[in-house]
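Novice: Protein chains in written order, with this note's numbering: chain A, 1 to 376; chain P, 1 to 376; chain X, 1 to 376; chain G, 1 to 376.
Simulated from the structure, these hints should not be mistaken for laboratory data.
Treat each hint with caution, since some may be false.
[As the list claims (entries may be wrong)] List time: in silico BS3-like cross-link candidates among lysine-lysine, alpha-carbon distance up to 30 Å: (1) G/LYS347 to X/LYS302; (2) P/LYS47 to P/LYS347; (3) P/LYS372 to X/LYS367; (4) A/LYS128 to P/LYS47; (5) G/LYS17 to G/LYS28; (6) X/LYS128 to X/LYS302; (7) X/LYS347 to G/LYS302.
Here the structure is a predicted model, which is why all the values come from computation and not from measurement.
Protein chains: 4
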Amino acid sequence: DACRKFDIGIGRFAQGKYNAITDVEGVKVGHVTQVRDDVPAPDESGKTTSVRTGVTAIVPEFGDIFNNHLPSGGFILNGIGEMSGLTQAMEWGWLETPILLTNTMSVGAVHSGIIRHMIDRHPELGRKVDVIIPVVAETSDAFLNDVRVFSNTPEHALEAIRKAVGGEVEQGSVGAGTGLISFDFSGGIGSSSRRLPAEGSGYTVGVLVQSNFGRMRNLTVDGAVVGRELDPLFPYDQRRGISYGSVIVVVATNAPLLSAQLNRLAKRAALGLGRVGSYAATTSGEIIFAFSTANRTTREAKESPDLLSLDFVGDRVVNLLYEAVIEATEEAVLNAMFYSAGMSGRKGRYAPPIPRELVREILAAAKAGRVKAENG
Amino acid sequence: DACRKFDIGIGRFAQGKYNAITDVEGVKVGHVTQVRDDVPAPDESGKTTSVRTGVTAIVPEFGDIFNNHLPSGGFILNGIGEMSGLTQAMEWGWLETPILLTNTMSVGAVHSGIIRHMIDRHPELGRKVDVIIPVVAETSDAFLNDVRVFSNTPEHALEAIRKAVGGEVEQGSVGAGTGLISFDFSGGIGSSSRRLPAEGSGYTVGVLVQSNFGRMRNLTVDGAVVGRELDPLFPYDQRRGISYGSVIVVVATNAPLLSAQLNRLAKRAALGLGRVGSYAATTSGEIIFAFSTANRTTREAKESPDLLSLDFVGDRVVNLLYEAVIEATEEAVLNAMFYSAGMSGRKGRYAPPIPRELVREILAAAKAGRVKAENG
Amino acid sequence: DACRKFDIGIGRFAQGKYNAITDVEGVKVGHVTQVRDDVPAPDESGKTTSVRTGVTAIVPEFGDIFNNHLPSGGFILNGIGEMSGLTQAMEWGWLETPILLTNTMSVGAVHSGIIRHMIDRHPELGRKVDVIIPVVAETSDAFLNDVRVFSNTPEHALEAIRKAVGGEVEQGSVGAGTGLISFDFSGGIGSSSRRLPAEGSGYTVGVLVQSNFGRMRNLTVDGAVVGRELDPLFPYDQRRGISYGSVIVVVATNAPLLSAQLNRLAKRAALGLGRVGSYAATTSGEIIFAFSTANRTTREAKESPDLLSLDFVGDRVVNLLYEAVIEATEEAVLNAMFYSAGMSGRKGRYAPPIPRELVREILAAAKAGRVKAENG
Amino acid sequence: DACRKFDIGIGRFAQGKYNAITDVEGVKVGHVTQVRDDVPAPDESGKTTSVRTGVTAIVPEFGDIFNNHLPSGGFILNGIGEMSGLTQAMEWGWLETPILLTNTMSVGAVHSGIIRHMIDRHPELGRKVDVIIPVVAETSDAFLNDVRVFSNTPEHALEAIRKAVGGEVEQGSVGAGTGLISFDFSGGIGSSSRRLPAEGSGYTVGVLVQSNFGRMRNLTVDGAVVGRELDPLFPYDQRRGISYGSVIVVVATNAPLLSAQLNRLAKRAALGLGRVGSYAATTSGEIIFAFSTANRTTREAKESPDLLSLDFVGDRVVNLLYEAVIEATEEAVLNAMFYSAGMSGRKGRYAPPIPRELVREILAAAKAGRVKAENG
């Protein structure tokens with residue numbers, strides 16, 4: 001994976017096989033990526049414009065999530081953003097649809113796409129079962145993408161769901177991260193995972209971020225605020241102005257957790273955002289969603305007058321999960337940048353890729369210095 | 001208005017001129033109502049089905065809300081529902097779009113409609129200004145309406161916004177309330193208003209509800225749990241089963257309030273729902289949005305490094321606003337029923353209108369009894 | 001019990017044997033009541049002053065709550081008040097001490113008393129186990145009581161815990177309710193319970209309130225705003241001014257619930273406060289604590305790396321519990337008044353008892369009228 | 001100051017004159033420190049035990065805070081702790097008493113002390129004005145201190161308030177931090193401040209922490225996880241076991257902010273805790289209180305029916321405040337350790353001081369390496 005290739009080890013826990021959210025068994029990811037120039041401008045001026053956008057689907061596909069709900073929760077670090085379905089996840093505590101990511105202006109279109117997907121698969125929806133509430137989250141790609149073109153449609157949502165697979169996760173400037181910018185570098189979709197040691201029963205935590213936040217000067221990579229050194233090396237005139245962006249974090253785990261525990265796990269992912277350099281800017285949308293693939297519960301069971309029963313892990317394992325989700329969130333944001341090769345956009349804008357070699361060298365030198373000092 | 005016609009006076013404050021949310025100056029309401037039978041069933045069976053749905057727009061139209069934000073806030077009584085934009089309203093504290101209501105499955109379509117409305121009116125959106133986050137809320141009309149038909153489109157959202165006017169508000173089985181059911185009676189859209197007395201500086205509070213909740217036996221009308229007496233008079237087999245529905249409340253006021261005060265005002269609207277008979281059922285979405293038409297603030301001002309300044313009312317007036325919003329919420333829910341003449345729906349279902357005369361008689365007799373006892 | 005004696009039946013569920021929180025098996029209540037005149041004034045003026053205060057303990061005594069925690073939760077309707085330990089109950093989800101009620105200025109003294117009680121009983125506290133966080137809540141009795149006397153001490157807390165018993169609960173102007181006023185009538189401690197029908201598995205919900213809120217004109221009994229009729233009958237000059245008071249609600253149940261479910265149950269108790277006439281005044285402290293006597297879990301279990309498991313009731317039973325807690329809260333507030341015989345206080349003040357006979361007549365006459373109208 | 005002495009510069013903003021919360025004009029700090037051995041054990045065994053505890057007072061002393069309230073807010077990162085008055089600060093939004101810190105078991109005693117302080121100074125309290133709700137927060141010093149001795153009394157609270165002064169703040173193992181441990185090193189009270197640059201109007205943010213959290217391996221200084229290198233150098237058998245502790249953060253600023261903005265500022269302090277190595281352990285109490293010395297408002301004004309008016313800074317300055325509070329929180333935690341010279345305690349326990357020289361060398365070497373890599 002991107003970070004491992006560059007010898008950036010975040011934290012103390014082992015990564016999963018793919019270092020991605022797909023290391024949580026049953027979780028699949030699919031992207032639709034749109035990179036088009038020469039698109040007729042929507043203002044009928046005859047000029048052309050550029051599209052840099054897309055949709056990403058996270059599909060926790062265990063047979064039938066509509067009828068087998070997964071415990072879910074969330075946390076809002078700063079709420080100037082949108083995640084439909086979050087209210088339900090935090091109150092009701094169950095996930096019943098795929099989770100889709102897209103740009104801010106396309107939340108409605110993607111929402112309609114999920115509805116259509118669910119209606120197609122579940123004839124009882126709208127009949128025996130009233131409704132479902134989809135989970136759609138967003139960040140804005142308006143710096144590189146012409147959002148007035150309305151490029152994302154309900155069909156793209158269906159396509160992203162259809163394309164979802166396990167295993168390796170495509171990252172960087174792809175899917176809902178196509179036109180995004182992190183710490184003034186290109187890249188939006190990143191993922192990472194951690195596997196707890198034996199004392200944590202070997203549970204896995206996977207994270208996928210749609211990252212669109214951060215000022216270069218604050219970029220912190222386990223070991224150093226490298227952004228302070230990178231900041232003077234890159235021109236300012238191509239950076240975003242006062243909008244310091246947003247980030248969506250999706251956390252998956254196979255550890256059995258209650259909804260309230262997932263709310264708290266989501267809160268720790270926010271600490272991971274802080275570690276990598278977020279100060280949760282006042283106009284940002286930094287929102288976390290978390291679900292557990294354990295404790296699947298049928299729709300019928302919850303309406304039963306009889307007792308339900310759920311297992312859940314105790315405080316000692318929860319603490320390990322907290323550390324793990326911080327590490328994985330931090331690394332997922334870095335991966336969003338490390339996987340991207342740079343991205344051009346509308347109005348001749350260009351977001352450069354993070355200078356991987358330089359970062360690698362800075363960190364290696366810092367580490368060498370530290371070890372030498374400690375042994376001296 | 002409906003309730004006044006039937007001598008049901010809720011509370012102690014005076015109603016505004018229209019007894020509606022439009023009594024708050026500058027607030028307009030528009031509906032698109034869809035009542036169609038003989039609609040081809042979406043399952044290609046050759047059968048027909050019925051559509052009972054719509055869209056309602058609340059437009060706080062002071063020139064240009066996109067560039068002149070209104071303080072806003074909200075409260076979630078029970079969160080198994082959706083209100084896009086609520087997170088932003090509670091965190092950021094500002095409203096920048098119209099507020100639209102529709103059915104659960106149409107949130108995406110209506111969301112797309114608002115985006116299009118804003119893009120059309122504001123060429124700088126997606127260019128100089130990144131994005132807006134629309135406010136769309138929902139309840140489910142799946143009991144009477146065939147939601148698989150996807151009747152509400154982005155165009156319906158645009159139409160509802162276009163139709164928005166001040167003055168009298170059409171209520172009952174109209175707009176987003178067309179297919180809704182309240183306390184086992186027909187009717188979904190209701191509105192009411194209160195005007196504070198001189199000690200409250202004459203401020204107005206207006207409420208509009210999209211009501212879809214309640215079991216008949218719990219219906220309480222200022223003076224009595226009339227539902228207990230109505231309940232045995234109506235057959236059970238035509239009522240909804242375990243789904244006790246949801247309700248969206250939109251509160252408007254011209255009193256100058258801060259966002260945090262509006263969050264708290266929204267919480268009192270929840271007490272009004274409780275007074276009329278809600279127990280906030282475990283799977284309901286009972287969500288309140290509140291905004292103030294005072295304290296309009298320009299987009300630019302908020303980004304300024306200089307000081308902003310806002311006026312707001314002190315505790316004594318806030319307490320009066322609390323009482324007023326409880327009264328108006330209670331009466332708005334009653335109006336949703338009193339304005340409806342009954343509604344048929346899919347599969348031969350029928351929601352009867354509330355028996356207005358009987359309710360009137362029960363309340364009058366109760367009142368007469370009380371007065372007699374007190375004077376005896 | 002007080003309400004039943006006066007034929008005031010709130011709601012549709014049956015009361016428990018004692019119509020009190022003690023109907024939840026294992027829950028005990030104890031009071032220390034202080035009514036003293038001729039107390040030397042603390043200002044050394046040589047004058048005398050009056051004390052009307054006390055402490056109430058709710059002791060969920062199943063052997064050893066310190067080592068066997070009970071699931072707990074809470075809700076803040078309005079937060080201008082104090083309940084120590086609430087944060088822990090809502091985050092951690094467990095109760096590990098008795099719950100004590102007193103006046104605002106005595107929270108510290110009673111807090112110290114609980115600490116001493118726990119230290120005395122548990123030699124491992126402060127050694128093997130670090131600390132405990134007591135639950136102490138308050139309302140202000142400063143209208144009738146001279147709070148400058150500091151009448152409540154740690155010893156009174158210990159005494160209230162020691163006196164705690166099951167069975168009948170003393171109510172009205174006793175314990176922490178001695179100097180309190182509800183809807184401008186005397187009385188502070190009230191209790192009530194509901195037993196679910198067979199479809200709700202016979203679970204019990206018990207409520208105890210420390211009531212100190214409400215304006216007479218808003219008093220509502222079972223839907224009827226009797227306060228409107230009582231209000232002109234009582235002089236205004238002996239009522240409290242702008243302080244509309246506070247209320248603490250403690251909810252107990254033997255239904256197995258998770259902490260998150262108890263948070264939501266607590267929220268419904270707030271709807272019960274609204275039904276009896278609260279508008280959650282801007283400076284009030286209206287805070288609810290809830291716990292379940294099922295799902296006792298040992299201190300050790302929670303630290304285990306192994307799985308814990310809890311049973312909990314599904315949505316259908318939860319909805320019945322919601323209705324039941326609203327009914328019991330409403331009736332507990334009424335009991336706080338109905339059990340009191342009036343209370344004098346400092347500076348010659350006097351809070352009259354609620355006119356029970358008149359209320360009974362008003363309600364009976366109203367009911368007779370309603371029934372006649374319905375049958376007519 | 002401690003950190004500056006060791007060349008540890010956290011972040012990009014300048015420190016205030018004292019690098020302490022007292023850089024916010026009018027804010028004073030006072031400590032009472034108790035370090036005693038040969039204390040008779042409370043179990044009457046005839047043995048002796050050790051006391052390592054105390055009280056710290058933060059006094060925002062502008063004439064009369066009782067009658068001139070300061071806007072306040074807060075945030076709970078993890079809630080297994082106690083801060084009385086927090087509920088009021090977040091709901092009501094005003095501070096009206098000093099803020100006191102102590103150990104968990106002494107919250108009640110210190111609470112009583114503040115009450116007495118307020119009663120003594122304000123004869124109208126309990127008469128014309130009902131009550132006040134003190135702010136008392138805690139962490140547990142039970143590892144080094146014998147909490148069964150009950151060393152902190154109401155008088156100690158009064159003494160700490162009396163001793164409060166501006167200027168230099170005593171830090172490390174003093175006051176409420178006497179017996180505390182941070183990242184397995186001694187030290188509990190730390191403070192730091194930041195002054196915004198001209199674009200931020202020169203506002204000051206000051207932080208004082210009562211730090212009792214962290215595992216050595218997670219200690220992170222300005223991005224560098226130095227704890228990973230320190231961890232193997234110190235023995236494990238003298239460290240705390242499963243209790244990873246708690247931390248209280250008090251934030252003061254002279255920037256005019258609304259209560260809701262202070263809630264959000266408090267949330268960013270939590271990100272600062274994350275940056276220094278907190279993962280918000282499941283049983284920790286990590287609670288933040290924030291107040292602004294601007295926008296003082298009289299008690300009377302708030303009850304007025306007329307309009308109040310408050311100034312507050314816009315988004316651009318708020319973002320600078322966010323960065324500043326993260327920096328100051330991080331540095332305050334470091335100062336808590338850097339100022340301490342180590343602390344012995346009960347049962348022969350000993351918490352070593354952080355090895356300042358080694359940390360300095362590690363950071364200097366790392367920095368030299370980074371700079372070399374960047375220039376190479």
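Novice: Now look at each hint and say whether the structure bears it out.
Specialist: Hint check results:
Proximity of G/LYS347 to X/LYS302 is assessed by CA-CA distance (about 27 Å); at most 30 Å being required, the pair is judged to hold. Between P/LYS47 and P/LYS347, the direct Cα distance comes to roughly 11 Å. Compliance with the 30 Å bound is thereby established for this hinted pair. At roughly 12 Å between alpha-carbon atoms, P/LYS372 and X/LYS367 fall within 30 Å of each other, so this suggested pair holds. A hinted pair counts as satisfied when its Cα atoms are at most 30 Å apart, and A/LYS128 with P/LYS47 qualifies at roughly 18 Å.
Between G/LYS17 and G/LYS28 the alpha-carbon distance is near 14 Å, which keeps this suggested pair within the 30 Å criterion. A C-alpha spacing of about 15 Å is found between X/LYS128 and X/LYS302, which places the hinted pair at or below 30 Å, so the restraint holds. Only pairs whose Cα atoms come within 30 Å are accepted, and X/LYS347 paired with G/LYS302 is accepted, the gap being roughly 27 Å.
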